[in-house]
Amino acid sequence: MSYEASSTIDAETREAIDIDRSKGDFSFPERHKFDAGRGLTEKTIDYICDVKNDPQWVRDFRHKALQVFRDKPMPTNWATKDLDNIDFDIIRYYLSDGEKPKRSWEDVPEDVLRTFERLGIPEQERAFLAGVEAQYDSEAAYSNMKEELTKQGVIFVNSTEGLKHHEEIFRPWFGKVIPTADNKFSALNSAVFSGGSFIYIPKGVKLKQPLQAYFRINSENFGQFERTLIIADEGAEVMYMEGCTAPKFETSTLHSAVVELVALKGAKIQYVTVQNWSSNVFNLVTKRGLAMEDAEVRWIDCNIGSRLTMKYPGVIMKGRRARGEVISIALANTGQHQDTGAKMIHAADETTSNVVSKSISVGEGRSTYRGQVHIPKHLKGCKNNTECDALLINTRSRTDTYPAITVRGNQHATQHEASVSQVSEEMLFYMQQRGISEGAAMSLAVNGFINDLVREFPMEYSVELKRLIDLEMEGSVG
Amino acid sequence: MPAVLEQSASLLDSAPVTPATFPAWFAERQRAAWQRFLETPQPKRGDETWRFSSIKELDFAEFRPTNGGADATLLTARSSGLEAPVAKFVFGNDELLHSESNLPAEVICLPLAEALVSHSDLVEKHFMKQETRLGSAKWTALHEANLRNGLFVHVPANVEVEGTIEVFHWIAGGNTVIFPHTLIVTGANAKVRVVDYFQSADESSAGLAIAVNDLSAGPGSKLDYVAIQAFNENTKVIQVNETGVAKDASAIGFILNTGATWARNESLSRLEGEGSRSDMLSVSIPARDQEYDQRTFQHHVSPGAYSDLLYKNSLYDKSRTIFSGLIFVDEGAHRTDAYQTCRNLFMSDDAEANSMPGLEINADDVKCSHGSTSCQISDEEIFYLRARGICPTRARQLIARGFSVEVIERLGDEKVEELVLRFVDDKFAHIAGGGA
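Quick note, the sequences are listed as chains S and H, same order.
Okay, so the first sequence: first residue is 1 according to the UniProt record's numbering, each after it adds one.
Okay, so the second sequence: first residue is 1 according to the UniProt record's numbering, each after it adds one.
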């Protein structure tokens with residue numbers, strides 16, 4: 001590890017910061033009872049509906065979405081050509097062992113449990129989480145929440161349970177924040193969605209501990225299409241965290257989630273993602289929040305890994321004084337393209353939004369910020385601040401920034417700033433003078449670059465984040 | 001072709017005929033350009049380079065080229081710019097109406113129609129070398145195919161032109177189209193400044209101008225170019241500015257937009273040599289229903305070059321602006337130092353500003369940043385001026401003027417700055433007169 005050369009770090013600290021490099025890079029044999037086979041047809045949809053015993057309205061919803069998916073073109077006029085390499089005909093759209101999610105880790109099948117143990121999920125649940133959902137391929141393997149939250153009326157289940165057992169809350173908001181036809185991949189998700197979380201926080205309930213979901217792809221040529229819907233009722237508060245991994249396969253894998261957040265009057269939702277997909281995953285995700293009067297939606301997003309990530313979390317500020325925020329860190333290594341950003345749609349007076357995005361490009365990696373800020377006419381007193389900074393580590397690293405800001409009318413203020421820089425030679429020299437190796441100095445500089453954003457992550461995640469970044473940075477110098 | 005027929009046909013209908021006096025290479029380029037125009041698809045909604053644009057403005061079917069027809073005496077008298085320009089050229093409907101020059105003998109400064117005959121090789125070497133890449137390829141092809149006149153300036157090595165060359169381009173008559181072209185070439189360590197004026201002979205006739213400015217700054221030279229676009233508010237404009245800056249050279253490209261109903265500016269600066277510098281500047285004051293669509297490209301080909309873009313828009317009434325800028329750093333263009341700033345000042349509740357400042361960076365040892373802001377005049381600023389006895393309307397105008405002055409001052413020549421400010425003040429007077 002890059003810290004080895006540093007004489008200032010003792011053995012105990014080194015042990016503490018050293019991490020299992022094979023973490024995430026392991027897989028177990030597939031033993032699926034239900035397999036929709038390869039390719040996507042009406043039959044695939046019916047198969048999924050039959051296995052999941054979907055109600056008729058969901059079956060209709062899926063079939064309509066399939067048609068939209070077929071009709072919609074790829075976003076070719078601006079998106080990377082790498083999208084053309086996705087072969088929708090070889091993807092397996094549904095794989096499951098047919099088991100219901102377990103409420104106790106003891107009931108989770110041995111190999112699945114081992115996966116999540118290696119990822120440290122049960123341990124984290126005991127330590128600081130209010131509830132956990134762990135998804136393995138298409139379905140949740142484990143789902144549990146602290147008992148006192150159930151008593152308060154909090155619902156935290158997978159989306160299948162949500163639509164069946166809580167239809168009166170689920171259905172009015174499902175597909176409303178992100179319509180099926182929003183883009184090709186939201187249509188795809190709507191057709192074949194499975195897994196993901198449904199969360200409802202009743203009026204005035206403020207969760208002190210975060211809820212967590214973990215998404216794991218274990219099978220080759222598999223597409224994971226989780227669907228998450230979080231509704232925070234008036235005055236409620238929730239932090240939700242998701243983590244993602246997949247083993248490295250010879251062929252690429254598709255992950256295409258849809259996440260909808262609804263923060264009703266005065267509610268707060270924080271959605272934290274630490275994504276560390278293996279380098280052959282196409283991660284094409286649509287995430288959007290709706291913030292009503294005085295409500296707040298915050299996306300805190302860290303994108304490491306994947307072959308191509310296209311993800312632009314958005315907030316529609318529909319109520320007066322609503323607030324939206326996107327804090328994001330992206331790290332792109334060789335063979336990776338992190339095409340990330342934010343969308344801020346102001347739809348009421350005195351709404352404010354803030355976007356802070358930092359990216360690091362290592363080796364031949366490419367990071368892109370793509371943003372949209374929209375303040376339509378007849379609104380008053382809206383504010384937006386956008387800052388994006390890019391750090392380039394190697395000669396062939398690449399970064400792009402493409403924001404689009406539309407402001408109509410008076411009494412608004414928007415500002416966008418972006419800068420590109422590299423780690424200064426003086427800084428590296430200064431650290432090397434003090435006995436820190438070049439690699440360690442570079443890691444420290446990179447951690448310094450993102451330090452103010454890392455603080456926004458819950459502590460357990462920020463430690464993990466720094467480790468992941470160190471790991472990605474290894475060998476990047478020279 | 002009889003003049004009467006040519007005047008009645010739309011400029012989109014038939015291939016223009018190159019005058020027999022023009023050299024063969026130019027005739028061949030015009031033929032190829034017409035073919036390219038026909039083959040290049042019309043921009044459509046959804047094209048990234050036309051994002052937020054009002055595509056409907058690209059319907060040019062009603063416009064037709066003319067054979068002169070402008071009143072030489074009247075328009076020459078109205079061509080009032082600097083007090084004592086070093087040379088002055090007046091064009092009406094692409095026809096030379098007047099010229100005067102006190103330039104050093106070694107400087108070639110001629111109407112393009114003449115230069116194509118007398119300095120054919122030199123024009124050929126520099127004429128429209130760069131590919132149009134900001135969206136108007138179809139329209140620059142149309143420009144090239146129809147081009148009849150413009151100005152050619154060649155300042156040889158080590159010659160510094162003191163003073164300013166002025167060029168007036170007038171559109172006269174209804175539904176008339178002009179294709180102004182300015183080609184400026186500076187040799188090593190030379191210096192020149194050119195001001196182009198774009199105006200309409202009357203206040204109401206619909207006109208169309210598809211203009212191209214080709215600037216090539218040789219090593220160590222200094223090339224300043226100022227375009228003042230003050231057409232009437234029934235005129236549409238596409239203005240494409242291509243600038244190449246060689247080693248240790250510096251170029252300023254400034255555009256003032258006060259006129260036209262719809263104006264599209266595409267400015268591309270290519271930093272071709274180490275130590276080169278490009279300043280891309282613009283002031284736009286749209287009012288009523290005017291729309292200004294600005295696309296820029298700072299292309300760092302060479303390492304160790306500097307570019308700085310500053311665009312400021314003051315938006316009145318229901319006007320719209322679109323700014324899309326890109327700093328593009330090629331692989332290996334290390335030690336690039338590039339900035340891009342677009343600021344929008346809202347003077348009305350109904351105005352709309354769209355900003356797309358962009359970066360594409362392919363080298364790691366660079367300093368690049370961009371920024372875009374939009375806001376309105378704060379109540380405190382108005383209060384401060386009112387407390388000094390200035391009425392609110394005047395106070396707002398003073399602040400908007402001061403906002404523009406920051407860009408104009410970067411021209412570095414007092415007389416030209418005053419000249420530009422005169423057009424800015426005319427626009428403010430026009431806005432006040434229009435009840436804004």
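The set of hints was computed from the structure by calculation and includes no laboratory data.
The beta-carbon is built from N, C-alpha and C at its ideal position, and this holds for glycine as well.
Do not rely on the hints blindly, as some may be mistaken.
[Stated by the list, open to error] Partial pick of chain S residues on the chain H-facing surface, computed with a CB cut under 8 Å: (1) 149; (2) 152; (3) 403; (4) 406; (5) 417; (6) 431; (7) 433.
Violations among the numbered hints, reported as their numbers in ascending order: 1, 2, 6, 7
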